[in-house]
Each structure stands twice: as C-alpha cells, then as structure tokens.
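Participant: Going down the list, the protein sequences come from chains C and Y. Numbered per the working numbering, the first sequence spans residues 35 to 232. Numbered per the working numbering, the second sequence spans residues 35 to 232.
Hints in this document: simulated from the structure, not taken from any laboratory. Given the structure is predicted, the values throughout are model-derived calculations rather than measurements. It cannot be assumed that every hint is accurate.
Where chains are identical, the list cannot tell them apart; a pair therefore holds if satisfied intra-copy or between any two copies.
[Said to hold, decoys possible] List of simulated lysine-lysine pairs, DSSO-like, C-alpha gap at most 30 angstroms:
(1) K222 - K62
(2) K72 - K56
(3) K66 - K158
(4) K227 - K67
(5) K38 - K227
(6) K227 - K66
There are 2 protein chains.
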Amino acid sequence: MDVKEILISFLDQFEFVSEEDKQKLSEKLNVKKYSRGKLLQKEGEIPRHCFFVLEGAVRRFQLSDGLDKTIEFYTPDNGSVSPESYINQSPSEYFLETITDSVLMIGEQERDAYLIKAFPVLEKIIREMMQREWGAAQSKLALFKLSSPEERYLNLLERQPELMEIAPLHQIASYLGMTPESLSRIRKRIASKIRLDR
Amino acid sequence: MDVKEILISFLDQFEFVSEEDKQKLSEKLNVKKYSRGKLLQKEGEIPRHCFFVLEGAVRRFQLSDGLDKTIEFYTPDNGSVSPESYINQSPSEYFLETITDSVLMIGEQERDAYLIKAFPVLEKIIREMMQREWGAAQSKLALFKLSSPEERYLNLLERQPELMEIAPLHQIASYLGMTPESLSRIRKRIASKIRLDR
Numbered sequence: 035m036d037v038k039e040i041l042i043s044f045l046d047q048f049e050f051v052s053e054e055d056k057q058k059l060s061e062k063l064n065v066k067k068y069s070r071g072k073l074l075q076k077e078g079e080i081p082r083h084c085f086f087v088l089e090g091a092v093r094r095f096q097l098s099d100g101l102d103k104t105i106e107f108y109t110p111d112n113g114s115v116s117p118e119s120y121i122n123q124s125p126s127e128y129f130l131e132t133i134t135d136s137v138l139m140i141g142e143q144e145r146d147a148y149l150i151k152a153f154p155v156l157e158k159i160i161r162e163m164m165q166r167e168w169g170a171a172q173s174k175l176a177l178f179k180l181s182s183p184e185e186r187y188l189n190l191l192e193r194q195p196e197l198m199e200i201a202p203l204h205q206i207a208s209y210l211g212m213t214p215e216s217l218s219r220i221r222k223r224i225a226s227k228i229r230l231d232r
Numbered sequence: 035m036d037v038k039e040i041l042i043s044f045l046d047q048f049e050f051v052s053e054e055d056k057q058k059l060s061e062k063l064n065v066k067k068y069s070r071g072k073l074l075q076k077e078g079e080i081p082r083h084c085f086f087v088l089e090g091a092v093r094r095f096q097l098s099d100g101l102d103k104t105i106e107f108y109t110p111d112n113g114s115v116s117p118e119s120y121i122n123q124s125p126s127e128y129f130l131e132t133i134t135d136s137v138l139m140i141g142e143q144e145r146d147a148y149l150i151k152a153f154p155v156l157e158k159i160i161r162e163m164m165q166r167e168w169g170a171a172q173s174k175l176a177l178f179k180l181s182s183p184e185e186r187y188l189n190l191l192e193r194q195p196e197l198m199e200i201a202p203l204h205q206i207a208s209y210l211g212m213t214p215e216s217l218s219r220i221r222k223r224i225a226s227k228i229r230l231d232r
C-alpha cells in the first residue's frame, strides 16, 4: 500500500467520515515513511510536530545517568505521539525514535488549526482519538500501579503483541520497570505453564 | 457561587467560546453538587456517566484482597473522570467516590452526542480538554516509572496541592505507591530540609 491508501484505511474506522472527506483529507494530511532508527524528537527541544503511528513503532525514552529508559511504545493501536511538551510548547524531556520502518502521520499546530477549520469533521476525529488514547493511558497507569511484573508483561502481549518482534528485550524490560534478567525468567515461567497446559 | 456560575467560570478558559454559547451551554450542561463520600461508580457496573470535577475532588480506587488501593485523584486542574470502561461501555474495574463536597459536570453518551450536534463548539471544548488530560496522563505515567518516591510526592504537591488538605495520608501513600510510614518519613525529611534552607 502507498501512504495514501494506508491513511484512508485508517480513516475507515471513523464511520461518520464521508468518502469525499476521506479522499480530501488523504490529500491534505501529512503522512511520511521513515526508516528504522530515525530520531524524531530530542530531549530539550520544543516539539514542532506530533505524530500518529499508522504502521511500525515509535519509542519514547530518556537518557539519564548513562541509562536508556524506555517510557512508552507507540504502535497503530496506541498511535498518538503527542506528549505534554507538544501541547504546552515546552522543552521535551524525552527522545522519540522509530524502532522499525514506520509510516507516520505528522501534525503541526498551525497547520492543524487551519485544517480543522477547513474540515470540521477532523475535530470529531481528533476528539475520538484523544478520548480513546486518554482512556488507554489511564488504564496503563492503573495497571502499572496495581499489577505484578508478570501481569504487566501479559497485558503488553495482549495489547501490543507486535512489539515482541520489533523491540529488543532490554527495551521491553525497561518499559515494564524490570531488569532484562527478570523479564527472561518471567518469559520462561509463562512458556513452561503453556507447555503444561497442553 | 451557584453551579451555573461555577460552570461559566470554567468555560471562560476557552477563549473561542462566545458569551452567547456560554450562557446557552450553562443551561444545557448537567452540573450537580455532591456531598463528601458519595459513591459515583461501583466496580463491575457499566458506567452510565462520566464526570468533570469543577470543585472538590473525586478518588478512583480498587478493593482487592481486603486492600483499598487509590489509583487516581481528580481535582479541577485534572478533572476529567471518564475511564476506559466508560468510553468502551465495559464493566468498570474501579470505584469512584467524592472525597470532599464537590461540584461535578455529568456527561452521558447519548445526551452528549445530541448536545455536540446542537453546539458544535462543544466538540472543540472536549477535544482541547481531552488533549490536555491525555498529555498529563502520559506525563504521570512517565513520572511514576522514572522518579523516586520523594520526587513523586513533590510532583503531587506541585500539581494538586489541595489534596494535602482533603485526602487522608493512607490514600495519598497508596496513590504514590508507598506505605503511609514511608510517606511520613519523606514528609519529615522535606520539612527539615526547608527549615535548614531558611
């Protein structure tokens, strides 16, 4: 699929968008392909863009005391990359990079304000996306607070299984708040449970 | 202030809302006063309403294995109470209660869809609110993952200082992911630092 087709198939999920608006929006919205390892945002810089992952995956991380800490993975089911620093136009505390070849929709405040005026349906699309993402972000926070490391891992498998193919073990471990060794132990334990259940 | 005035002063922050729309919205939107300790949502029930805290505070919590675990506090700066279960219409995993006398705006999916049609400006209001809340939720998750218990406490003091007056110590400790004893030690340490700095 070319990027325009990918965008249209993304818009298909919003049943209130007419075919005509889909075509027009797919010409106006900014969508690009990126190779794996592209740095999209640096710590300390004020974000000029926000992103939405249509294909692939983006990682949000922090470098502190020589450690690389993964905060978030964004994949198509959880695709809006628009942290507080973008919304408030304050310096970013994080880095963003693609961890696989990706197709991203790119937002920019002034242009988006203009597009929303030209296509009022975009307001509803963004509102629905934000509501969904926000609900998911709240659930993630609750889960992180309440659950065991093993439950966190199982939840990640359920919500973003593609990450297991894309992200290296140490990034997934850091994201789950554990060491790579603990994650390996948990994976072994789960694998042997599955064998026993057969 | 009566509830209508409270609502109008909330709407004042959105500079794109005309005075006429503010008056009309304040007649249509559903705002109510609640006493402290009102149970707004039970675990296991599909949420019929979402809420926005205009005054006071709402706590989201879970009861499991005889323990009361605080997941979130909602106050006017962080007021949208509309968890994933409301958005997806699935059974709630949490309880919601007011922890002080509160003024809440109440949403309900069908009625809100009707109001958005009648007042298109509401779409933009909700979109801006969601975007802000979502940015804040992401920051909270990052903070919870990356920071020390003391940093979490200081951040809470900065973001929602009113909670110190309203919520009992054990709820704040549970929310910060620590024991009440650890929180007491942290508070003492900070108090003595402040004395030394004078």
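Participant: Is it within a copy, between copies, both, or neither that the alpha carbon of K66 lies no farther than 30 angstroms from that of K158?
Facilitator: both (23 angstroms within a copy, 27 angstroms between copies)
Participant: Since the copies are identical, ignore which copy is meant and state whether K227 and K67 lie within 30 angstroms (CA to CA) inside a copy, between copies, both or neither.
Facilitator: Intra 40 angstroms, inter 51 angstroms, cutoff 30 angstroms: neither.
Participant: Can you give me the call for K38 and K227, within, between, both or neither, at a CA distance of at most 30 angstroms?
Facilitator: neither (44 angstroms within a copy, 58 angstroms between copies)
Participant: Under a CA distance limit of 30 angstroms, which applies to K72 and K56: within one copy, between copies, both, or neither?
Facilitator: within (29 angstroms within a copy, 45 angstroms between copies)
Participant: From the Cα coordinates, with 30 angstroms as the cut-off, is the pair K227 and K66 best called within, between, both, or neither?
Facilitator: neither (42 angstroms within a copy, 51 angstroms between copies)
Participant: Is it within, between, both, or neither for K222 and K62, if the alpha carbons may be no more than 30 angstroms apart?
Facilitator: neither (48 angstroms within a copy, 57 angstroms between copies)
The structure is inconsistent with the numbered hints 1, 4, 5, 6, although it conforms to all the rest.
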